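Colleague: Read off the chains here:
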Amino acid sequence: MNLDALIAYVTSTPLVWIIVTISAYKIGILVYEKSGKNALLQPIVIAYMIMLPILLLANIPYKQYFESVSIIHFLLGPATVALALPLYKNLKLIRSYFMPIVVTLFLGGTFTILSALGILWLFDASTTTMLSMTTKSVTAPITIITAQDIGAIPSLAMGFVVITGLLGALFGSFIFKILHIKHDAAKGFALGLISHAIGIARAVEISDKAAAFAALAMGLVGVVIAVLLPIVIGLL
Amino acid sequence: MLHGMLTLLLFQFIGECCVKLFMLKIPGPIIGMVLLLLFLLFRKSSFHALDVTVSWLLRYLPLFIIPAASGIITQIDTISKEAVAILSSLIIGTFLALAFSAKLIDILISRKEKTHES
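Those protein sequences? They're chains A and B, same order as listed.
When we follow the working numbering, the leftmost residue of the first sequence carries the number 779, and every step to the right adds one.
When we follow the working numbering, the leftmost residue of the second sequence carries the number 439, and every step to the right adds one.
Just so you know, these hints were derived from the structure itself, not from any lab.
Wrong hints could be hidden among the right ones.
Said to hold, decoys possible - Subject to a maximum C-alpha distance of 20 Å in a straight line, what follows is the list of computed EDC-like cross-link-like pairs (lysine to aspartate or glutamate):
no. : chain 1 : residue 1 : chain 2 : residue 2
1   : B       : 458       : A       : 927
2   : A       : 987       : A       : 962
3   : B       : 552       : A       : 962
4   : B       : 550       : A       : 962
5   : B       : 463       : A       : 927
6   : A       : 841       : B       : 489
7   : A       : 867       : A       : 986
Note that the coordinates shown come from a computational prediction; the quantities given were computed from them, not determined experimentally.
Extracted from the complex, chain B is given alone in its bound form:
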């Protein structure tokens, strides 16, 4: 588990260093994630300690979000002022986006399977 945690922290650190060095606009942990993905693709397998740490971290992921998410208590003014706009955007936008994406990929998969059969 220690080896797994060390791997993740190391990749996060390298990611943050890349952001500073190359003045990137992308967040450091994201670069760390992409680098770890490339590392795994290159290595062609994961290892036990990493598997254990990752499954532990991802199991409790929603917990790690609570501190930042609770900041919503400072946004009550914005939310009440723009409630109609926000709710319309969320409800209509999500409905349309889900319908669009589902239909699009369903048609593309059907078409691909048809060309395979013929």
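The shape of chain A in the complex, shown without the other chains:
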């Protein structure tokens, strides 16, 4: 037996962190399914609550952890390209309500960014925090990829994305009730536009129609913000 060799291997192999990360996500899926797919108990939220204490307790430098699991991170690139397919499949929905969708996409997309920035500005927040807030309504993979290019902090931006998703799912029913929102297409589109994938999970609970419009909104706003934001910020 060579205990030293074993310890040396365990503390240096990327396998350990890959297994821990996948396990945290697997537990997240199990909890989500056990809860009857409650939109607020997203697998990513559970995985966060498991991973963060482990990383802090293990006292591992973030850079070292990131390098260990870089193979998982790599898949984010092809997965972002993959978002073209659901967008393609939902694109035919645009024809039914072309003007309402285009108008809401641009006005709603601008409103979500400016309202959040306005409040941060009132509180005199730092520029980095403000930049990281600009992608809060964009789906996570697009956020991470875009954040680096606009001078935001990807992980901070990601935290804002997840919280925005959860808040949207939480407020949704209440807002739709007090504002007397009649159409499922409108509920779904607004949820996908503001609360990306978590909004879709919430829209699935409303109806199939709401879910399809939520998916369409998430794809459209993701592309529009990812394309326009770096250009707008570059001009400032």
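Use these hints to put chain B onto chain A, whose structure you have.
Modeller: Just chain B now, with coordinates in the frame of chain A:
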């Protein structure tokens, strides 16, 4: 599945190459995504291998986010310093944006359906 993965990697690669060549500010995978969308619109259909790979990748998408998202442990200082600003912005901003977007599209859809009926 291999054909599907190859398609996605190829479009990502072309996207990254476009960014370098034309000095674009937009991330490479986003260009790859837009190009794949145009390709599908032009082709007028998807194919089985792509469907399989995409559904596999998107099913586990949140997993691929964990490595970058965990970087939040390096941001604890920023968050605790600006907690009030961040939470106000997230809570009030999300509430207003969702209310604004839902009401706007609901009115626009109602108006469109009315003009169709008359």
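Colleague: So, for every hint listed, does it hold in this structure?
Modeller: Hint check:
1. B:458 to A:927: Judged against 20 Å, a Cα distance of about 13 Å means the pair holds.
2. A:987 to A:962: holds, 6 Å
3. B:552 to A:962: holds, 17 Å
4. B:550 to A:962: Distance of about 15 Å is within 20 Å: holds.
5. B:463 to A:927: Holds - the C-alpha atoms of residue 927 of chain A and residue 463 of chain B are around 7 Å apart, at most 20 Å.
6. A:841 to B:489: Violated - the C-alpha atoms of residue 489 of chain B and residue 841 of chain A are around 34 Å apart, more than 20 Å.
7. A:867 to A:986: OK: residue 867 of chain A and residue 986 of chain A at ~14 Å, within 20 Å.
In this structure, the one hint that does not hold is number 6.
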